[in-house]
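Enquirer: Got chain A; can you put chain B on it based on the hints?
If you're matching them up, the sequences are chains A and B in order. Under my numbering, think of the first position of the first sequence as 53, with each following residue one higher. Under my numbering, think of the first position of the second sequence as -14, with each following residue one higher.
Any given hint could turn out to be false.
Residues on chain A that point at chain B, a partial pick, calculated with CB under 7 Å [as the list claims (entries may be wrong)]: (1) GLU57; (2) PHE60; (3) ASP62; (4) PRO64; (5) ARG146; (6) ALA147; (7) CYS148; (8) PRO152; (9) SER156; (10) GLY158; (11) SER159.
Hints were generated in silico from the structure; no laboratory data involved. If you're wondering where the values come from, they're calculated on a predicted model, not measured in any experiment. Glycine residues also receive a C-beta, built at the ideal position from the N, C-alpha and C atoms.
So the chains spell out like this:
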Amino acid sequence: MRAMERDFEDAPGYRRLPRPDGPDPDDTTVVWRAGMARDGGVRRARRVSNWTAAALIAGVAATTGYFVHASQSAAPAAGTPAGTAATSPAAHHRACPAAPVATSGGSGVTAAVPASGSCVGGGRASGSVAPAWTGRDD
Amino acid sequence: MTPMPSGATARWAWTRVGTGAGGVAIAERDALGTTTRLAAWPPQDLGRILGAVDAELTRLDLEASRFREDSEISAIHRGGGGAHPVSAGLAEAIGVALAAARWTACLVDPTVGAALCSLGYDRDFAEIDAGQDKALPAPAPVPGWRSVRLDGQVAHLPAGVRLDLGATAKGLGADRAVRAAFAAAGSGGVLVSLGGDVAVAGEAPDGGWPLLVADEHRQARQFEPGRAPAQVVRLAGGALATSSVTCRRWRRAGRQFHHIVDPRTGYPAPGPWRTVSVAAASCAEANAASTAAIIAGEQAAAWLTVQGLPSRLVAHDGSALRCCGWPAADWGRLDVPAARLLPAGPGGDGR
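With the rest of the complex left out, here is chain A (with noise of 0.2 Å):
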């Protein structure tokens, strides 16, 4: 965390608001029974996991299975035109950008344009758009 940052919800005196559909979160009962109910059930999901470690290991044996055998079969054909592949976001390497792609800011002044006239009954026609991307498209 860096200096002189700090969170507004542990400014002295903050009390967190209870939720319209939760207990108060102060409310010393509610967690109370909460770790009455812990105890109990940390020995029932010790049971459950030995069963559920073995149903995984046989899952992904068999899924293995099948995409190896599927990835044969989808093998295109000799001869398919390159370039004709679908291009959902599945058919791409998800987007992983290592700098931020933009700034949120208060909005600076970038446009300089001649000076003429106000919007005090007097404004002036500026600003307008030129919709002109000349770029190459990837």
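Expert: Just chain B now, kept in the frame of chain A:
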């Protein structure tokens, strides 16, 4: 379409600023008096996506810009008080502004237009005359959003009321533009930033869109002289908007002003926060909430907490206060509430 002003240094055409590194294409251009940035993955069909964004920017500018004579809102102001038929788009923009005023208990009020003009912000910001010496008005409350009525596509304004939709229209524009961009893309994910107010749609990159959160939207590094330390967060859905009093400042009659006006006084809000960033389901909400927080001052953190909006408030000394699960770590993930707090406009939710 209005011709490009001659002699302008603004970049009216899209410029590619990212080459697709990390699988994301990035382009930006100047529009609406600030910078628009688009990021898309996969980096294909960029021309079509940018065309869709352009159409939305043009539409918003023609509807709601108080700085161009040919906009609908300027026509309303010239027409004086009374009933004014408006397009569906402007009706949506006014409706969102009025809903934001109700939601923020009048802190974000669209009737601050005349107050901003009287302080000197009566033209595109780049044209403000720094040497204005005209007398300043006495502090006074603005007319108030309740003086404006919207019946379908008819807006009723009292005489003398000027609308400024700046606290919500840019966010609404980002929401509209990102919907259009995603519809044009058809797959993958897109991000639109209008002067630092960011909306995303579709699938985010792995782990979310990395965004720098800073005082000013042109800041590109975490540490810049004179700026509060910035933070990188990852946004997987929804929107993130930032309001700051460190930019759009001007001098008048020997005094320094900024553009976030407190409707209770008609003068720039004097609160403790220099910059507030808020994440929300839509950019219009995030935009309204960040502006309201600047005006709310000491009560901002409590209000944002009640709303359940992850937020980061930076004080004038550069210290930061986080609310509602805003991540402490750099590259932390922002979890945005799914529920909308403002009603969706006629444009619908769509994403």
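Enquirer: Would you mind marking each hint as holding or not holding in the structure?
Expert: Verification of the supplied hints:
1. GLU57: holds (5 Å)
2. PHE60: holds (4 Å)
3. ASP62: Hint violated; ASP62/A Cβ to chain B Cβ min 9 Å, cut 7 Å.
4. PRO64: violated (13 Å)
5. ARG146: holds (5 Å)
6. ALA147: holds (3 Å)
7. CYS148: holds (4 Å)
8. PRO152: Hint holds; PRO152/A Cβ to chain B Cβ min 4 Å, cut 7 Å.
9. SER156: Cβ of SER156/A sits 5 Å from chain B, so the hint holds.
10. GLY158: The hint holds - GLY158/A has a Cβ within 7 Å of chain B, the shortest such distance being about 3 Å.
11. SER159: Where the cut-off is 7 Å and the nearest Cβ of chain B is about 3 Å from SER159/A, the hint holds.
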